[in-house]
Every structure is written in C-alpha cells, then in structure tokens.
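There are 2 protein chains.
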Amino acid sequence: MTWTTDPGTPANVIGVGLIGGSIGMALRQRGWRVFGSDSNDMTLARALELGAIDEIGLEPSAAITFVATPVTVIADHARRALAAGCAVVTDAGSVKAPVVDAVGDARFVGGHPMAGSEQDGIDGADPELFEGAVWVLTPTSDTADSAYTQVASVVSSFGAEVMAVAPDRHDALVAVVSHVPHLTAATLMGVAEMRAEEHAALLRLAAGGFRDMTRIASGHPAIWQDICRENRGAIIDALDALIEGLAEMRDVVDKGDGAALLNRLERARAARANLPSRVARPSDLAEVRIPVPDRPGVLAEVTTLAAELGVNTADIEIAHSAEGNRGVVIMLVEAANADLFRGGLMARGYRPSVQRLG
Amino acid sequence: MTWTTDPGTPANVIGVGLIGGSIGMALRQRGWRVFGSDSNDMTLARALELGAIDEIGLEPSAAITFVATPVTVIADHARRALAAGCAVVTDAGSVKAPVVDAVGDARFVGGHPMAGSEQDGIDGADPELFEGAVWVLTPTSDTADSAYTQVASVVSSFGAEVMAVAPDRHDALVAVVSHVPHLTAATLMGVAEMRAEEHAALLRLAAGGFRDMTRIASGHPAIWQDICRENRGAIIDALDALIEGLAEMRDVVDKGDGAALLNRLERARAARANLPSRVARPSDLAEVRIPVPDRPGVLAEVTTLAAELGVNTADIEIAHSAEGNRGVVIMLVEAANADLFRGGLMARGYRPSVQRLG
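Heads up: the protein sequence lines correspond to chains S and P, in order. Those letters in the first sequence? Residues 0 to 357, per numbering that gives the first Met the number 0, in order. Those letters in the second sequence? Residues 0 to 357, per numbering that gives the first Met the number 0, in order.
The following block holds chain S by itself, in its conformation from the complex:
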C-alpha cells in the first residue's frame, strides 16, 4: 500500500534548503524526477550539484509538490503551484493554521516534518533525514481524501511516521514542545550570561544539565521571527502556562513546602520517563477497515482521531465502492492500540472491523 510511482514521475520541490534538499534527495532515491526552485540562485545551483534535484523549474504535471520555504511565503508559493495546475501540494512549515487557512484549497495538505531543526542550508541535506521522524499532516474537512493519502504515502516512503493533527491543534502542541522550550533556553542562557558578567567562573560551573537545557539556544535565530509571528497566540498561551508554573514553583520553594516540591518533581520525572524514546514502525500490526460515507472530511476525522488517541498509523489507503457513494478506509495501526482505536471510532458513529496481521 506504500506509494509506488512510475520511474521518472515528476515532483516539485520549492525551496531547496536543508528540508527541501533532503526531500529532493529522498524523492530521487525513490525514482522520482525532481524539479527544484529557490529564490536564491546559488542555493539552487548547489542543490543541482549535490543531486537534490534533477532540473531547475516548476513542473505543472508533477504528481506532488513540496513547498519548503520560510513559513511567511509558503501560502503564496502553494497558491501559485496550484494555479499552475499542480495536482497535490504540501509544505514543511513549523506553523500550520495560518498557512492552511491562507491556501484554502482541497488539494493542499499542510505538513511539518519534525526533523533537522538545528542545521540549516542545502549542504546539510540528507535523504535519510526523515527516517524514523514524525511527519505531521494537518488535513481538514476541506481536504480531498486523495490529496491526503498521496502525501501520506509519499512521506511514509521516506521512513517517516505520519501523524494527522488538526492545524490549530498542531500549532498549540508545537508551541509547548518546541517553540516555548526554545525561547526558554534562550532566556535561561540570558540570565546566566547576565550573572556571568559579574563572575566569569559561572559558565565554567555550567555542567551537563545546563548544557543540555540550553543546547537548542544554539539553533539558527532567524526562523524564530517568523515562527513567533505566525504562532503568536499558541506561544503566548504556552509561555503563560510556563510562567504560571514557575511562579507556583517559586511559592513552593519560598514556603519550604517539601511535599509539594517532591510531588511536582516526581510527576515530572515519571512523565519524562514516559516520553516515547523513538518512533518506530511497530512490528505487530492490525488492519482496521472503516466503512465511510463518501463525504468530505471523513479522512481528516479518522486520521486525527488516531493521533488524539495516541494510535500509531503505519499506512493508510482508501477503497471506493463501485456505487461511488461509499468507501472503506483501510488503516494499518499498532496491534496493541487497535481496540482503543476501534472504541474511539465507534463512539464517533463508525462501524470498523479489526483484523490482526502476521
């Protein structure tokens, strides 16, 4: 069920930096003919030289188009590609709701590969970059099912784990796990730097924990202007939650409330221990078949429900019935969570069947 394509089928990559270049390389490894464009001619020449693209240009007959530009210009590029006749367009921006809203087209599927944020530039491009990474897709009720399944299949073929999340939900989640941690690391580094001006020894005392916590402050600053502008609301919400949490922590320390402190630290330790160590294809899979009405938004509902329940999806396909007004969504999910998923689907009015594989 993984996406297969005739050798030489055209694909577009617009913006060939680290992510776009890596996408181009991954596509070429899988037999696609990759057309690349970039606002920077030197980057484009380098992408050609490194084998990230086959040709310069935008090919209207491409079966898939990736927009991997800075987030503020994604919507423009996506709309232009759609207007040129490109069949299915997706992107790789860190913020999704404003982009998905601005494009407003059934053939556009928002995307965000959670990989490679610390490097930048075509010279860091790597066809293996997405192997084992989570690749978020953000279908909505307006997204064409065929566009979603096509994007999901292609990025799955890169070795990425597809996770479907609604656009605004994606933005709220990455504010917590990515944007605010980045701003916090920078702020902590700023506090330390201020004190270090008084006492040069401070930074020599900065052992492993501090080093780990501030590592992301060494990332490329320029993209954060766009991210903070585009995801302002979610970032402010998460920052407020963190500031409130720190103010509570301050009170706990000030009052010397050892029990409350221990409780907070124990909970954090347990939650940290439960972080999934790495996304991996589960070896035990179950096939979930979900008869669905042929109406828009069904695929978005089913796939985002899987993500909400924490159910890992290995593959997805849609079989349309001969009559045309019904279809079956076939998903491969980890066997351990198949019943959980079935329960969720039934609660939403679906009638799924589950078959354990292997």
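Be aware that one or more of the hints could be misleading.
Since the list gives no way to pick one copy over another, a pair counts as held whenever it fits inside one copy or between any two copies.
EDC-like, lysine to aspartate or glutamate: derived pairs with alpha carbons at most 20 Å apart [to be verified]:
id	residue 1	residue 2
1	LYS254	ASP239
2	LYS254	GLU265
3	LYS254	ASP236
4	LYS254	ASP225
Honestly, the hints are just simulated from the structure, not real lab data.
Dock chain P against the given chain S, drawing on the hints supplied.
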C-alpha cells in the same frame, strides 16, 4: 606539587553513596587507606564489597575527611569529625554557605564536585567520576591555608579542576546553572503533561530539543527538597530573574517585535557557543609567584580572585619563609590568562611575578 602521600595514609569518607563511594575508590587508587561510614548498613557493606573503602569506621588520625552525606546533615558530621581530632575536613554538598557557616572551623573547607548528579547510589560509584570535572572549593578568610592546599591537592589528584569561590557566591551561581534549570525542566515537563492529557500525540511530537531540555527532570527528586530549603534565597532570586526574562520574552512575542526577538536569540546563541566545552588541563602554563603576608584569608582571596577572573588554576602551593611572617603562594595557571591574573592581583595590592613554563 600534586599531593603525594605515603601509601596507607588514612582518609575518611562519611556517606558512601555515588559521590562518597567514588571518592573512596579514587583515594584507594592513589594509595590511601580509606575508612568509611554511612547511616545505612547495607550501603556500607556494599561499599566494602565494591572496594570503595578498606574498613568501616572513622579514623581520627586521617589526613583528610570527606563528608558526602545529604546536605542537611553535613555540618553535624563535619563537626563530629573535627571534634574527634580529624585534621582537615571537607564536604561534597550542593549548597555551601549554610554548611560553611554552621561548621565554622578553620580546618573545614567547603567543597562541591560538579559531577554525577543524575545517578545515585553506591552501585554507580566510579573512581574516574571526577576526571575533568570542576570541583568547587569555598575557602573563607577563616580557612587555614594548610587545610585549603591539602584539600585542593587531593581533589586535583582525582583529575578534577579546582575552582575557588566564596560560599555565598557558589550558591548564587549554582542556583542559576543547576538548581533553577532543574526546576524549569520539571515545570516545562508539567506543562507538557497537562496538555498531553488532552492530546496523547503531544509527547510523540516531543523531538530532540524538548528531550534535551527536560533530561534533568529525570534526576532523583528527593535531594531537591534539601537543596531548595538550603539554597532558598539564591534559587528564588534566579527564578525571579527567569520569570522576568520570560515575561519580557512574552511581550516581545506579543508585540511582534522581530528585532528585539532576534537580538535576544542572537545573544543567547553567542553565549551558548562560548560555554567552555570541557574543562581541560591547559597545556601552556605559567607560574605565578605571589609574596603574601602571613595572615588568615590571603589564600582565599587569591584563589577566589582567580575564579572571578575566569583564570584556570592547575596547581597551588604555599612556601613559608624562614622568618615565618611571610610566604609565597605559587600557582600554576593557564599562560593565556597569566597577565589578566597579574593585573587583578596588583589591583588588590599584591606584587606577583609571572614565569612562563615549558
């Protein structure tokens, strides 16, 4: 000039967990006869079994005594050892001013090896634990010079880099680089956990940066009750600075002030890049000879000045003159900073001479 001792010279280690056990092993490797004690009999038996100590007990004739117990009982143990006749006593607690004040003895030198905070227990003990680590000592004007040089020499022999810092200064610095980062990691984990209850996918999105930032939240919670009690003032100061910094960051994001954001992130990135990557013995050394009056506190002043200026000290020795009222402090420092150090010493009224070695 490194501490050398006759084989079999006795040393005491009080408290034989991870740090005490590692100290015992490091001492034994260097020919000391190590006497160990611990409030937990099973830990003590295990320390004997693992070769962290030679015998159980406290030996009053020991040339050096390390107290590596939880921070709240360090002062009691140190006073008891001094009362029993132990010549020089030091400790390994994470907070220094309350301990140094409570012991109040010229033969006690506060210490804090910046190593091994994430493991705990005698089974993690390792004689190499201190190799390349910073080991803070906190001499005051009351500290006997001979006690300081003895402790500095022994811990240097473990491969640690000795840094002298005043006790309250130490506490303020570790609040910034260790205690508050720990509490922040736990708080951030708490915010994520709260959101994860709404959406199971959140933690699957937690990629590298979040993982790095929350790693220290997986440390052992129990010791933090003591640390937060003993270092309350400095922790609250540093938490307040962080909360203020985050509130400013929130305003910058809210206003969409891209220039201010970029400035903060660029500064943080530059400061992060300047973190000393690892403490290493400098290969180019200079010998600084500092004639000193024979009065208390001179050694503390000279050594803490070195740390304040960021000058790395590889070794230290005191030569007393025959007349008895004067001496010479001989320090080996990194050659690159020898002039800086000389300037600082001259500003404090000393008349040092510098000789480049090798």
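For each hint, the structure was consulted:
no., hint, result
1, LYS254 <-> ASP239, "between (22 Å within a copy, 15 Å between copies)"
2, LYS254 <-> GLU265, "within (19 Å within a copy, 37 Å between copies)"
3, LYS254 <-> ASP236, "between (27 Å within a copy, 14 Å between copies)"
4, LYS254 <-> ASP225, "between (41 Å within a copy, 13 Å between copies)"
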